[in-house]
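**Student:** Take these sequences, add in the hints, and give me the full structure.
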Amino acid sequence: MTDFNTKNPFKIPENYFKELEKNLIENTQASQTEHGFNVPKNYFNSLEETILRKSKKSSPFSRRKLIVSISTLAAALAVLFTIPRSQNSENQIEEQAFNDYLESYYLEDMDGYEILSMLEDNEIDPYFDNSIKNYK
Amino acid sequence: METQQSIIISSLQEPETREKAFKLLVQEYKERLYWHIRKLVLNHDDANDVVQNTFIKIHLNIHKFKGESSLYTWMYRIATNESINFINSKSTKMGLQNQEWIEAKAEGLKADSYFDGDEATLTLQKLIAKLPEKQRIVFNMKYFDGMTYQSISEILDTSVGALKASYHHAVTKIKSKLND
Numbered sequence: 037m038t039d040f041n042t043k044n045p046f047k048i049p050e051n052y053f054k055e056l057e058k059n060l061i062e063n064t065q066a067s068q069t070e071h072g073f074n075v076p077k078n079y080f081n082s083l084e085e086t087i088l089r090k091s092k093k094s095s096p097f098s099r100r101k102l103i104v105s106i107s108t109l110a111a112a113l114a115v116l117f118t119i120p121r122s123q124n125s126e127n128q129i130e131e132q133a134f135n136d137y138l139e140s141y142y143l144e145d146m147d148g149y150e151i152l153s154m155l156e157d158n159e160i161d162p163y164f165d166n167s168i169k170n171y172k
Numbered sequence: 017m018e019t020q021q022s023i024i025i026s027s028l029q030e031p032e033t034r035e036k037a038f039k040l041l042v043q044e045y046k047e048r049l050y051w052h053i054r055k056l057v058l059n060h061d062d063a064n065d066v067v068q069n070t071f072i073k074i075h076l077n078i079h080k081f082k083g084e085s086s087l088y089t090w091m092y093r094i095a096t097n098e099s100i101n102f103i104n105s106k107s108t109k110m111g112l113q114n115q116e117w118i119e120a121k122a123e124g125l126k127a128d129s130y131f132d133g134d135e136a137t138l139t140l141q142k143l144i145a146k147l148p149e150k151q152r153i154v155f156n157m158k159y160f161d162g163m164t165y166q167s168i169s170e171i172l173d174t175s176v177g178a179l180k181a182s183y184h185h186a187v188t189k190i191k192s193k194l195n196d
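Those sequence lines, one after another, are chains A and E. Under my numbering, the first residue of the first sequence is numbered 37, with each subsequent residue one higher. Under my numbering, the first residue of the second sequence is numbered 17, with each subsequent residue one higher.
What the hints contain is simulated information worked out from the structure, not anything from laboratory work. As the structure is a prediction and not an experimental result, all values here were calculated from the model. Check the hints yourself; a few may be wrong.
No farther apart than 25 Å at their CA atoms in a straight line, the calculated lysine-lysine pairs in the PhoX-like style are these [claimed, not checked]:
1. E:K142 with E:K109
2. E:K82 with A:K92
3. E:K80 with A:K90
4. A:K92 with E:K46
Non-contacting residues of chain A with respect to chain E, defined by C-beta distances greater than 12 Å in every case (computed) [stated by the list, open to error]:
5. P76
6. N81
7. A110
8. L113
We put the CB at the ideal spot given by N, CA and C, even for glycine.
**Tutor:** Spelled out as structure tokens, the structure:
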């Protein structure tokens with residue numbers, strides 16, 4: 037592994053420390069690099085803002101649990117309203133139940149990344165607002 | 017250090033001080049966690065998704081943190097698990113094994129606008145991508161992050177002996193490929 041020696045291979049420009057303040061300011065506006073990987077300019081500043089914004093939206097009830105709960109509730113309501121109305125629609129009920137089972141199984145089997153990738157932010161917030169209103 | 021950590025934890029667990037403490041936590045650890053994740057998932061956009069989800073998980077689960085390990089170790093463990101889950105999810109969706117997905121990502125580094133490593137760095141990344149997952153993670157943490165076996169052991173919940181073996185195997189494979 038001597039070809040990739042990680043023991044202090046870095047040097048600094050002459051008079052670097054005299055211009056430290058200026059360099060620090062410039063560095064906050066330049067992209068950063070580590071082992072060949074770099075990031076967009078100002079990435080870490082915007083990352084902090086994004087995380088703090090998202091953390092305010094997040095609650096101990098995860099989005100996944102919320103979505104699964106809503107789906108389960110919707111499925112239960114659909115079955116509830118379907119049964120008394122149609123006595124001769126057993127096939128439809130069976131089909132509905134099968135679809136609900138598939139849907140809930142599918143959602144349970146998915147992780148947060150997959151579920152969130154199917155939703156936009158503006159689709160998630162109304163779900164959350166509605167669920168709160170329903171329980172008031 | 018111990019006191020500082022306990023102050024941060026108690027601030028995070030109190031509703032009144034939680035937001036301010038979480039902001040400090042993000043400021044303090046965002047770059048370290050990002051670079052750890054980036055070396056595991058390789059691509060900036062993917063690392064960005066994973067680091068955000070890591071901090072959201074930290075925010076949601078901080079009340080479960082029992083102080084049995086250091087806060088940094090706990091966060092590092094979440095970041096590592098999130099990275100692995102992300103890779104599992106992406107590779108499954110594409111019908112690939114995790115390693116195949118990572119190898120494809122490593123192959124794409126040359127054209128990645130957020131990668132400016134030289135040929136040697138690129139070659140090293142491609143060889144790391146060929147390692148089994150556990151060896152790849154251990155190699156990154158030991159070789160690039162310079163972590164001690166004890167810290168890695170706490171994060172990955174693996175014995176120091178097993179980690180030493182993993183790292184040794186990883187180094188041997190990489191050396192052998194470099195000599196080919």
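**Student:** To test your reading of the hints: which numbers does this structure violate?
**Tutor:** 5, 6
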